[in-house]
Amino acid sequence: MSSSSLHWLSLVGTIWLQAINGPNSDFPIYSSQLKDVKHISQVQLNFLAFASDAGKLFGWFSGVAAIYLPLWLVAVTGAAFSLVGYGVQFLFLENSKLEYWHLFILTSLAGNGICWINTVCYLICIRNFISDSRVAVGISTSYLGLSAKVYNVIANAVFTKTESKAKSYLLLNAIVPMIVTIFVTPSLRVLKATKERTNSAFLFMFGITLATGVCAVFGSIGTKSYGFSSREHMISLGVLLVSPLFVPFGISLRDSIRKILRDKKENRIHDLRIEDVESAKETKEEREEEVVVPISIPVSVQDMEEKECEEVGGMKMLKKVDFWLYFMSYMFSGTLGLVFLNNLGQIAESRGLNETSTLVSLSSSFGFFGRLIPSFLDYFSIKRGFSISRIASMAALMAPSAGAFFLLLHPSSYILFISTAIIGACTGAITSFAVSATSELFGTKNFGVNHNIVVANIPIGSFCFGYFSAFLYQKEAQGNYKCFGSRCYATSFAIWGCACTIGTILCTVLYVRSRNLRKGSLSS
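In this text, residue positions in the sequence shown follow full-length UniProt numbering: the first is 1, and each later residue adds one.
Derived by calculation from the structure, the hints in this document are not laboratory data. Fair warning: this is a prediction, and the values are worked out from it, not measured in the lab. All residues carry an ideal CB built from backbone N, CA and C; glycine is no exception.
Cβ pair distances, simulated, as ranges:
| id | residue 1 | residue 2 | range |
| --- | --- | --- | --- |
| 1 | I415 | S256 | 54 to 60 Å |
| 2 | G352 | K475 | 18 to 24 Å |
| 3 | V214 | C498 | 31 to 37 Å |
Straight-line Cα separation of at most 25 Å, DMTMM-like style, residue types lysine to aspartate or glutamate; simulated pairs:
| id | residue 1 | residue 2 |
| --- | --- | --- |
| 4 | K482 | D36 |
| 5 | K482 | E163 |
| 6 | K482 | E99 |
| 7 | K167 | D36 |
| 8 | K161 | E349 |
| 9 | K38 | E355 |
| 10 | K482 | E94 |
| 11 | K38 | E99 |
| 12 | K167 | E99 |
| 13 | K165 | E232 |
Please model the entire structure based on the sequences and the hints provided.
Have a look at this one:
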């Protein structure tokens, strides 16, 4: 394969990794059953949801490892953590010797494995696509929002309804990441930097990505009413996930045809007179010079931004006011959305709904579209010579999330579905924007470590907001094992809405500060 096709093959590898790198996102589907099997309280169950996020506290290890180890080995290490963390739970779930603290440690280990695979995907997209790193990162990370849907589709197609839901998902969470990671390891490498833009390839990739999202949403709404079985839905989604391979193979075929035509032309030139050869060479050199010119144009905006951005290391970053504004605004928005999604199982149960998997699939599908939005904005804005601020985009997305939390105070099931879709989309977009926002604020040189420090807000926020909501849930249950009614989470929704409003304000302040700082650096 040609060099350019290998770059695209590496992007396809990260897409597949991201599609299966959210095994913790299906936790709400089987959390209620896990609660019954292990006889744990709502507070303990929320601590398990926190445990998955707690692994991100040590996510910076993956950034350090990526400096010294091959990227494929870093990815395999992350998949191995998931294999052990979820595999042991699957084998001994119904065994009384598997105590609660065992579950906590194993879930934390699996959660840390997600950071290792994420780090690999981010670095490959950033380093292999110099001129379109944001677009590549956005396309790749959008598939992370699809993970819960992927696991749900596989579970519905492979396992029967009589089988244990908890054990089914734990088994998939253990083996699927390892199988896919081993399969894509040959593509997980940093290649020689290129600034070539392949517009048609990106447009084709966007088309496939949109079709995948539509298929996911279609399945989330309900395939039964349209006469499709779970296996048919799994096959259609699988075909769409394989479709990105057409891009690298298409580029490889194009380059091969070009090489054949070029060789034939050179053979004809050898038969010409010497003076014709010299003139042909001059023509060829002029043509090559003409090709070089447009290659550097599309990257001018991004290159200029990178030069304006100060490169900041981990310890220096912690001393900056901008870091803490960024850290807190992320925690009061994106992390808060993740806490809500982790509690979807109990929220649906408290309102008497038996459609937890539908809710989780819906949030996953809209999260997929939310994560894809940054890629669209980056592709078309850079193409037109301007760049959209990630911080401003994050602030704009926090306001709808705050409104959705307040809407949840209404007991209607329709409002629950609508709010879940809004929060899923906004949370996905915020987490995707945050990847580029970290490099926008603190540079790309230490990105692997810096971003893993930033996402440490996720376990902290998960603990604070998750524990408080569980405490309020138990209080509303009035001594019972479970709580039923809209009152169970009413206070939590009000608090989460207020917190998200505060996050919007903090992010707006951060945007004003970063814009003024950039204007000052340009004027100086």
